[in-house]
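Numbering-wise, the working numbering comes out as the position in the sequence shown, counting from 1, plus 40.
Treat the hints with care, since some could be wrong.
What the hints assert, rightly or not - Calculated cross-link-like contacts (lysine-lysine; reagent style DSS-like; alpha-carbon spacing at most 27 angstroms):
{"#": "1", "residue 1": "K72", "residue 2": "K101"}
{"#": "2", "residue 1": "K72", "residue 2": "K124"}
{"#": "3", "residue 1": "K150", "residue 2": "K175"}
{"#": "4", "residue 1": "K124", "residue 2": "K175"}
{"#": "5", "residue 1": "K72", "residue 2": "K175"}
It should be emphasised that the hints constitute simulated quantities derived from the structure, not laboratory data.
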Amino acid sequence: MHAAIRDIARIFSTARIQNLQLFKSMATLPAKLDAIPAVDIDSGRFKYVLIRVDMQDAETKQEYNKVIVRGYNWAAFHADIYDKCQEELEAAGFDTECLGGGRILHDPSKRSITVYGYSQGFGLADHAVTTELLKTRYPDYESITWTNEGY
Numbered sequence: 041m042h043a044a045i046r047d048i049a050r051i052f053s054t055a056r057i058q059n060l061q062l063f064k065s066m067a068t069l070p071a072k073l074d075a076i077p078a079v080d081i082d083s084g085r086f087k088y089v090l091i092r093v094d095m096q097d098a099e100t101k102q103e104y105n106k107v108i109v110r111g112y113n114w115a116a117f118h119a120d121i122y123d124k125c126q127e128e129l130e131a132a133g134f135d136t137e138c139l140g141g142g143r144i145l146h147d148p149s150k151r152s153i154t155v156y157g158y159s160q161g162f163g164l165a166d167h168a169v170t171t172e173l174l175k176t177r178y179p180d181y182e183s184i185t186w187t188n189e190g191y
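Full structure from sequences and hints, please.
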């Protein structure tokens with residue numbers, strides 16, 4: 041896993057390496073945190089949020105975190121998605137922080153995903169991190185790309 045993290049880090053600019061540090065802890069995540077799917081998205085065009093999920097090991101006091109992507113076509117606002125996820129995750133004992141949002145165009149028939157835009161309420165998510173997570177969920181897709189253009 042560490043070799044894969046190094047390969048990912050080479051892809052991104054120095055400014056994004058800090059965000060990639062979040063991936064490093066994934067190799068040793070507690071089972072409870074590891075059980076949270078990294079990606080849960082619908083098909084079509086919809087809003088999405090990038091969320092950091094945090095927990096502390098009760099015995100060791102070690103902090104762990106994981107970044108997840110959530111995007112649904114039922115959401116009128118990015119906050120609708122975050123509020124729902126935050127409620128569920130905090131009820132399970134996790135802390136959360138919204139790292140930003142954007143939009144996703146997901147076409148399963150073409151095996152393609154495009155990540156773009158921003159959230160007026162949460163700001164611009166790091167779409168590079170989002171696309172790397174999407175690639176782990178959809179490894180057989182032909183195209184998973186991102187741009188900061190559009191809304």
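For this session: Assess, step by step, whether the Cα of K150 is no farther than 27 angstroms from the Cα of K175, and give holds or violated.
Result: holds, 15 angstroms
Exercise. Is K72 close enough to K101, meaning Cα to Cα at most 27 angstroms?
Worked result: holds, 15 angstroms
Exercise. Is the Cα-Cα distance between K72 and K124 27 angstroms or less?
Worked result: holds, 19 angstroms
Exercise. Does the structure keep K124 and K175 at a Cα separation of 27 angstroms or less?
Worked result: Satisfied, since the Cα-Cα distance of roughly 24 angstroms is no more than 27 angstroms.
Exercise. Are the Cα positions of K72 and K175 separated by 27 angstroms at most?
Worked result: Within the cut-off at roughly 23 angstroms; holds.
Of the numbered hints listed earlier, not one is contradicted by the structure.
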